[in-house]
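Given only the sequences and the hints, what does the whole structure look like? Please build it.
Note that the sequence shown ends on residue 147 in this note's numbering; no numbers are left out.
The set of hints was computed from the structure by calculation and includes no laboratory data.
Just so we're clear, the structure is a prediction, and the values are computed from it rather than from any experiment.
Don't take every hint at face value.
[As the list claims (entries may be wrong)] Heads up, simulated DSSO-like pairs for lysine-lysine below, C-alpha to C-alpha not over 27 Å straight-line:
1. K16 with K100
2. K100 with K22
3. K54 with K64
[Said to hold, decoys possible] Simulated restraints, written as ranges between beta carbons of each label pair:
4. P141 with V45: 18 to 28 Å
5. W79 with D138: 34 to 44 Å
6. W79 with V18: 17 to 27 Å
7. L92 with V119: 16 to 26 Å
8. C131 with R104: 40 to 50 Å
9. G24 with V133: 38 to 48 Å
10. H42 with R15: 39 to 49 Å
11. V119 with M28: 17 to 27 Å
12. I4 with L123: 58 to 68 Å
13. N103 with P141: 44 to 54 Å
14. M1 with T101: 42 to 52 Å
15. K22 with T101: 19 to 29 Å
Note that the Cβ used here is the ideal one computed from N, Cα and C, for glycine as well.
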Amino acid sequence: MTTIEAPRSPARPARKGVNWEKWGWIYMRLSGLVLIVLIFGHLLVNIVLGDGVKQIDFAFVAGKYATPFWQIWDLLMLWLAMIHGGNGMRTLVNDYAHNKTVNRILRWAILAAVVVMVVLGTLVIFTFDPCPVGAAADQLPSFCPVK
1 MTTIEAPRSP
11 ARPARKGVNW
21 EKWGWIYMRL
31 SGLVLIVLIF
41 GHLLVNIVLG
51 DGVKQIDFAF
61 VAGKYATPFW
71 QIWDLLMLWL
81 AMIHGGNGMR
91 TLVNDYAHNK
101 TVNRILRWAI
111 LAAVVVMVVL
121 GTLVIFTFDP
131 CPVGAAADQL
141 PSFCPVK
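Structure representation (structure tokens):
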């Protein structure tokens, strides 16, 4: 007599340890919700309020980055968006790159790109100085004090 397995029974026993795919799925949903708030807040302040796009210049960015609130806001937006996008690309690679070597190379390339962009963006946010010491006066913005 042949026994038919119950539908949806696991083909292999469940692995022990952290389920990274589940946590990646949860991260995508939560980061997506937070990104909606961050992005629309960013657009509201930068474009809708004030003079619109024409107000955005070097002085506008310098004024925003002079306060920790906007540094943290932009940092959260950068980190969440880059990791969200990198995780989405990783999912696409896993779905469509069936060759193990190609899959591994693409996933490492995505990781490298995300890490480089996050590090560079973080450096820009926290080291941005519109009035560097020792710069020529004719190269400084008009709001910088002449030294």
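Verification of the supplied hints:
A threshold of 27 Å between alpha carbons decides the hint, and for K16 with K100 the separation of about 23 Å falls inside it, so the pair holds. Our distance criterion of 27 Å between C-alpha atoms is met by K100 and K22, whose separation comes to about 22 Å. About 16 Å separates the Cα atoms of K54 and K64, which keeps this hinted pair within 27 Å; it holds. Taking the beta carbon of each, P141 and V45 are about 21 Å apart, inside 18 to 28 Å as hinted.
At about 37 Å, the beta-carbon gap between W79 and D138 stays in the expected band of 34 to 44 Å. The supplied range of 17 to 27 Å is met by W79 and V18, whose beta-carbon atoms lie about 21 Å from each other. Checking the proposed 16 to 26 Å range against L92 and V119 shows it holds: the Cβ atoms sit about 23 Å from each other. For the pair C131 and R104, the beta carbons lie near 46 Å from each other, so the given range of 40 to 50 Å is met.
The hint said 38 to 48 Å for the Cβ distance between G24 and V133, and at roughly 44 Å that hint holds. Checked against the hint of 39 to 49 Å, the C-beta distance between H42 and R15 comes to roughly 40 Å, which is consistent with it. For V119 paired with M28, a C-beta distance near 22 Å keeps the hint of 17 to 27 Å intact. Separation of I4 from L123 is about 60 Å and conforms to the stated range, judged on CB atoms against 58 to 68 Å.
The given range of 44 to 54 Å is respected by N103 and P141, whose C-beta atoms sit roughly 48 Å from each other. Between M1 and T101 the C-beta distance comes to about 45 Å, which sits within the given range of 42 to 52 Å. Distance hint for K22 and T101: a CB-CB separation of about 27 Å, consistent with the stated range 19 to 29 Å.
Violated hints for the displayed structure: none, as all numbered hints are satisfied.
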